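A.B. asks: Now for the letters of each chain:
2 protein chains.
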Amino acid sequence: MDDVLKDHVIAVIGGTGALGSGLAKRLAAAGKTVIIGSRTADKAQGMAQGLAVPAGAPAVRGMTNADAAAAATVAIVTVPWGSQAEILAEIAPHVAGKLVIDCTVPLVPPKVARVQLPAQQSAAIAAQERLGAGVRVVSGFHNVAAHKLATDADIDCDVLVFGDEPKDRAIAVAIAEAAKLRGIHAGPLVNSVAAEALTSILIGINRNYKVDGAGLRITGIKA
Amino acid sequence: MDDVLKDHVIAVIGGTGALGSGLAKRLAAAGKTVIIGSRTADKAQGMAQGLAVPAGAPAVRGMTNADAAAAATVAIVTVPWGSQAEILAEIAPHVAGKLVIDCTVPLVPPKVARVQLPAQQSAAIAAQERLGAGVRVVSGFHNVAAHKLATDADIDCDVLVFGDEPKDRAIAVAIAEAAKLRGIHAGPLVNSVAAEALTSILIGINRNYKVDGAGLRITGIKA
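Going line by line, the protein sequences match chains A and B. Residues 1 to 223, numbered by this note's numbering, are exactly what the first sequence covers, in order. Residues 1 to 223, numbered by this note's numbering, are exactly what the second sequence covers, in order.
Rather than coming from a laboratory, the hints here were simulated on the basis of the structure. Here the structure is a predicted model, which is why all the values come from computation and not from measurement. One or more hints might be untrue.
Pairs count within a copy or across copies, as identical chains cannot be separated in the list.
[Claimed, not checked] Listed next, the in silico DSSO-like pairs over lysine-lysine satisfying Cα-Cα at most 27 Å (straight line):
id	residue 1	residue 2
1	Lys6	Lys148
2	Lys43	Lys148
3	Lys210	Lys222
4	Lys148	Lys180
5	Lys111	Lys167
6	Lys180	Lys6
7	Lys222	Lys111
8	Lys98	Lys222
9	Lys167	Lys210
10	Lys167	Lys222
11	Lys6	Lys111
Take these sequences, add in the hints, and give me the full structure.
C.D. replies: In structure tokens, the structure reads:
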């Protein structure tokens, strides 16, 4: 299912954070070609050296976010909403024509269990506006608990993938599958608001029901 | 779990439609006190007479939407987005201080698989604005396929319930349970946008994956 990733170099921008490090760990374990991007190359390299890869698979490399984006064919952006604009500006010169998978959830502390949509309606649309039409933007991985990604365990949560081009969504779906998650084609980029808003709802459900990793599953499909 | 409904009279506004009739059928079968509201009393009565109730339970009645709202303690609004404003205006004089459960999904044909948020951000907020602060508004039942509600079968889909008051959400959760669905407290009314937008995503998934009733489940909770 993930042959589509064969020739891809995947940069995880913000890859030393909670979501990014879990995703990078799983993609490395699956033998994908992974680069950790971070604010400093040192920090990225430190994280990269700790990630195990299967025999014969390329070692994970660590670079600045900009260098990682430059070396990659696909950049996964895993940064907080408050840093999204700055980080996208850093990588923008290096992702023309490439695929950017934005994972940003527009949480506004302290009321993170309350949906507070940005002016652009969604972080995904904000990313597309900031990067411009020359960059292919999809979004996904909004709802998966980062602390679960950090484990090897199966995760009872689907990854809804949004993007205007089915072929671009298919790459994100394949990345989800490489990370042992089920990725689902969930329509155009403008639909991303649903999954982004759902994260606030899951945070609230965690509190209300006293659990620590509520997720969501799409039912009724065989994907 | 649904003792909370013991003294309630539940009006299903727009109760001859696909969603409303399925919900009314299930609530009647559970022995709840149900009134069907419709544009004309004749149509509502015709539907009401066809609904089976358990021995000893009150027969379902049929009335105009306004009369149904007046006779009820809880009004469930199950109408298309294009009719919401008009129907709410009809029932507004009759629901002061009462609970209104709005089920409206702001779909804009023909692109119903594309999220197109209303100016108020969600149909639930639009309902609260139209009814005013003197009416308790919650929202729910956005994601359940109407044709599944019309059957007696178990439905593999949760009902996310939004509202600012936990006690009001609890009534909607109990109504979901009476209808053999799992209701989940999903936070304040402003969060309703997530479930409303998800309906477009489920419609798109139905098309993409060639199924006819994709739904969603919250995982990781014992509710």
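A.B. asks: Each of the hints needs a verdict: does it hold here or not?
C.D. replies: Okay, the hints, checked on the actual structure:
no.: 1; hint: Lys6 x Lys148; result: within (26 Å within a copy, 42 Å between copies)
no.: 2; hint: Lys43 x Lys148; result: within (22 Å within a copy, 52 Å between copies)
no.: 3; hint: Lys210 x Lys222; result: between (31 Å within a copy, 10 Å between copies)
no.: 4; hint: Lys148 x Lys180; result: within (11 Å within a copy, 31 Å between copies)
no.: 5; hint: Lys111 x Lys167; result: between (36 Å within a copy, 21 Å between copies)
no.: 6; hint: Lys180 x Lys6; result: within (17 Å within a copy, 46 Å between copies)
no.: 7; hint: Lys222 x Lys111; result: between (36 Å within a copy, 24 Å between copies)
no.: 8; hint: Lys98 x Lys222; result: neither (30 Å within a copy, 42 Å between copies)
no.: 9; hint: Lys167 x Lys210; result: between (39 Å within a copy, 18 Å between copies)
no.: 10; hint: Lys167 x Lys222; result: within (20 Å within a copy, 37 Å between copies)
no.: 11; hint: Lys6 x Lys111; result: neither (41 Å within a copy, 35 Å between copies)
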